[in-house]
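Peer 1: Quick one: dock chain against chain with the hints and give me the complex.
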Amino acid sequence: MNKDILKYLNGQMSPDEREAFSQRLDSDESLSDELMRIVARESYKQDLKKEYRTWESENTQTGQKIPLRKIAQIAAGLVLLVGLSVVLIHYLNKPSHLILAEYMDYPLPGNHRSGTATDTEQNPMSDAFDAFREAHFEKAAQLFEGYCTNPALTTESNLYAGISLLWTKKRTNIEEAVPLFQSILATANDRNDAAEWFLAIARYELKEKEEAKSLFQEIAANPNHFKCQQAKAILEVHF
Amino acid sequence: MGKRFYIFDRGKEQKLLKLLYGNERERNEAFSILRKDALKYCFIRGKKLGFNSDETSELYGETMLAFCESLQKQGIDASPTGYLKTIIKNKSVDKLKKTKGLIFINTEQIELSTVEDEKRKDLMELNETGIKKVLHAMENINPLYKTLIHSHYFLKMSLAEIAMGQNASPEVIKTQLARAREAIRKLIK
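First to last, the protein sequences are chains L and R. For the first sequence, position 35 matches number 556 in this note's numbering, and the numbering has no gaps at all. For the second sequence, position 180 matches number 181 in this note's numbering, and the numbering has no gaps at all.
Excised from the complex, chain R in its bound form (with noise of 0.2 Å):
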């Protein structure tokens, strides 16, 4: 509906802010909320950036991770929507450096971009391989044992949580993850 109202939007967002700090459950509700936005956001920002399909996923996946890593280091302090936003034009901008083999010195000056850039994505990205492997081994474990290694090992969620979630002891999701652990080893190997 075009540009909200801040004073409706304010009310909203602390709301946001207090449910994405708060219990597993109140976290999953604020990330709801802030997917569609991010879906919509991404498609029209890759629209406006004549992005395909493909690189628009791309954008909405990088951003929705740097709001989890940002959200795990307690770095969202005002406004999640705001925060969202952002993370989603810069990421963009970054796509199109690296799609559009430009790279900008600022919003006004663009250059072609350099050798050094592609030499720097090897030693930091998975490659297409690197990727394979591991969307095999995690389509091919089970699929409570992904969850697990998702909770823990992206989300940063303590054993304790997890097992809070699951109404299980902490042990027993301390064996799980270790199988869970044994089986991506044994299919990445």
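Only chain L is shown next, with the shape it has when bound in the complex (with noise of 0.2 Å):
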């Protein structure tokens, strides 16, 4: 910036040099423009700084506002968080396949889950069946589960019901089966090697793979135990 223009803006001239530098900024038109270039560049810079003091009272005045178009940001995070909790939730819920269903023969009183009944007409728990056969699995696993407040078919009805669970091919279902299925490995009865069968099978369908295998193993290393051949087709295959 040029010294004397500074000067004589800032008041820091002589009458006398005032009066000599006001006839030298009329007889020079670069000087001329350099005082209005400072006196434009001042005058910018202080409309800027009214700007922001108008900016910042309107923002600041009620705390500091929060833009809409953040609210609206925020909003539609939320609704795709929902959405995707949806998505997540169905699918998680949504049968698929159980990776193991061809381990997953297991005898019905009187027959296989594939052949016909001949004795169910006997049997206390013959709607559970009956439900089960028709591969109506829920509603087999519901009735199973009525059955369980009997003292007499607790095992038995825990066993078949953890069965069911697992045969819904859905993830929620099959961790209900677990402890079901645990409940009967908890007293010595008749059912369990195929509560610790099928706990096995439901461990691996929910990717806890490490307890799958140690209980895979247990069958494998147990010649009495009915599984034990398959156990070991499976530590063969699927690990």
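Since the hints were derived computationally from the structure, they do not count as laboratory data. Take these hints with a grain of salt, some might be off.
Stated by the list, open to error - In silico lysine to aspartate or glutamate, EDC-like type, Cα no more than 20 Å apart, as pairs: (1) R:Lys41 with L:Asp568; (2) R:Lys157 with L:Asp568; (3) R:Lys157 with R:Asp78; (4) L:Lys570 with R:Glu56; (5) R:Lys187 with L:Glu538; (6) R:Lys187 with L:Asp549; (7) R:Lys90 with R:Asp38; (8) R:Lys98 with R:Asp55; (9) R:Lys37 with L:Glu577; (10) R:Lys86 with L:Glu577; (11) R:Lys190 with L:Asp549; (12) R:Lys41 with L:Glu579; (13) L:Lys570 with R:Glu126; (14) L:Lys571 with R:Glu56; (15) R:Lys133 with L:Asp525; (16) R:Lys99 with R:Asp55; (17) R:Lys48 with L:Glu572; (18) L:Lys524 with R:Glu129; (19) R:Lys96 with L:Glu577.
Claimed, not checked - Restraint ranges, calculated between C-beta atoms of paired labels, are given here: (20) L:Asp537 with R:Tyr22: 42 to 52 Å; (21) L:Asp549 with R:Lys86: 39 to 49 Å; (22) L:Gly532 with R:Lys37: 35 to 45 Å; (23) L:Val607 with R:Lys86: 34 to 44 Å; (24) R:Lys19 with L:Pro536: 48 to 58 Å; (25) R:Asp38 with L:Glu659: 49 to 59 Å; (26) R:Val173 with L:Thr575: 26 to 36 Å; (27) R:Lys157 with L:Ser606: 48 to 58 Å; (28) R:Lys74 with L:Ser551: 14 to 24 Å.
Claimed, not checked - A few chain L residues that don't get close to chain R, going by computed Cβ distances all over 12 Å: (29) Leu605; (30) Tyr668; (31) Phe747; (32) Val758.
Here the structure is a predicted model, which is why all the values come from computation and not from measurement. By construction, the Cβ of each residue, glycine as well, lies at the ideal position given by its N, Cα and C atoms.
Peer 2: Right, here's the structure in full:
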């Protein structure tokens, strides 16, 4: 910046100096232009400062306002999150397939799952077995669980309720089956081997592979276990 | 919203850059976008460094002046917003030196300011009297003249460019500018 112009504007010249400088401004166009540049710059800056003060007072008077756009972004984010959660829950509960379905075979009273009933009329849980045979597994599970309160049927109903839940192929149902099998294993009974087997399958389907592996190894190591050979096959193919 | 995605910013920055070097209307459009960012960044920076409202408004003013001057020298060639942020950062450090009586040797070291800094300030800047004179003059002239002076002497727009924006001939603008200059001179005197 021209020092003389600054002195002129800052009032740092004597009256004589001011007069002489004023005459120079009249005759020297470039000096006059320089003065205008300084004036324009300072004035522009002051206008900007004013603009900031206005903005600040508008935006901080009632605390810092959250702009509408920000609110819209948060709302959109929440909607997306809820949407994703719904999709995820739906996906998790969607029947998929059982990886170890071929190992799910287990005799029903009188016959196998795929067979026909012969003595179901005598079985107190016949309605549940009927639902099971008709592949209405959710219904079967509910019916079996209804018999849990009968001490004579607790073990068997828990086992078949667990198997029914497994067959629904839904993750949440398989998770529910685990404690049913565990409750059977808590006491020594004739369904222990079956409960252990289906617990291993449930663990595998829930991707709890380490737990499943140790269960399958336990079964494979027991030559008297009715699923010993199948456990060996699973260990060979799936681990 | 915290940090933005670079990939989205990139398109916006390129568009801004194109607008900044476009015609007057495009430049104004870019400025209106950048101004909003600058106001917000200055506010945040000012709060962070403990500036009062006056100091922050000064920071904003100096930032926008520096940005305009860089633009006139074609000095902005990549990201206008990034450039703006850098100016705010540098200017705020300068301001901290002045207002808090500190000088930074680098970001780690802080020392007390020297008397030379103050002497230099007297030689380089308008004092309160100077600013008052300028403001008095600019506030008491025809607003059209004020715009003309800003456009021609600060934004470095040619007479032809101004004439085009105002739908007038360059000769008319030249005459108006001469009158504006005369009016300012009288008021400053």
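Peer 1: Would you mind marking each hint as holding or not holding in the structure?
Peer 2: Here is what the structure says about each hint:
no.	hint	result
1	R:Lys41 with L:Asp568	holds (17 Å)
2	R:Lys157 with L:Asp568	holds (17 Å)
3	R:Lys157 with R:Asp78	holds (19 Å)
4	L:Lys570 with R:Glu56	holds (9 Å)
5	R:Lys187 with L:Glu538	holds (17 Å)
6	R:Lys187 with L:Asp549	holds (16 Å)
7	R:Lys90 with R:Asp38	holds (14 Å)
8	R:Lys98 with R:Asp55	holds (16 Å)
9	R:Lys37 with L:Glu577	holds (12 Å)
10	R:Lys86 with L:Glu577	holds (19 Å)
11	R:Lys190 with L:Asp549	holds (16 Å)
12	R:Lys41 with L:Glu579	holds (12 Å)
13	L:Lys570 with R:Glu126	holds (17 Å)
14	L:Lys571 with R:Glu56	holds (12 Å)
15	R:Lys133 with L:Asp525	holds (18 Å)
16	R:Lys99 with R:Asp55	holds (14 Å)
17	R:Lys48 with L:Glu572	holds (18 Å)
18	L:Lys524 with R:Glu129	holds (16 Å)
19	R:Lys96 with L:Glu577	holds (19 Å)
20	L:Asp537 with R:Tyr22: 42 to 52 Å	holds (48 Å)
21	L:Asp549 with R:Lys86: 39 to 49 Å	holds (40 Å)
22	L:Gly532 with R:Lys37: 35 to 45 Å	holds (38 Å)
23	L:Val607 with R:Lys86: 34 to 44 Å	holds (40 Å)
24	R:Lys19 with L:Pro536: 48 to 58 Å	holds (53 Å)
25	R:Asp38 with L:Glu659: 49 to 59 Å	holds (57 Å)
26	R:Val173 with L:Thr575: 26 to 36 Å	holds (33 Å)
27	R:Lys157 with L:Ser606: 48 to 58 Å	holds (57 Å)
28	R:Lys74 with L:Ser551: 14 to 24 Å	holds (20 Å)
29	Leu605	holds (19 Å)
30	Tyr668	holds (57 Å)
31	Phe747	holds (58 Å)
32	Val758	holds (45 Å)
In terms of the numbered hints stated before, the structure departs from none.
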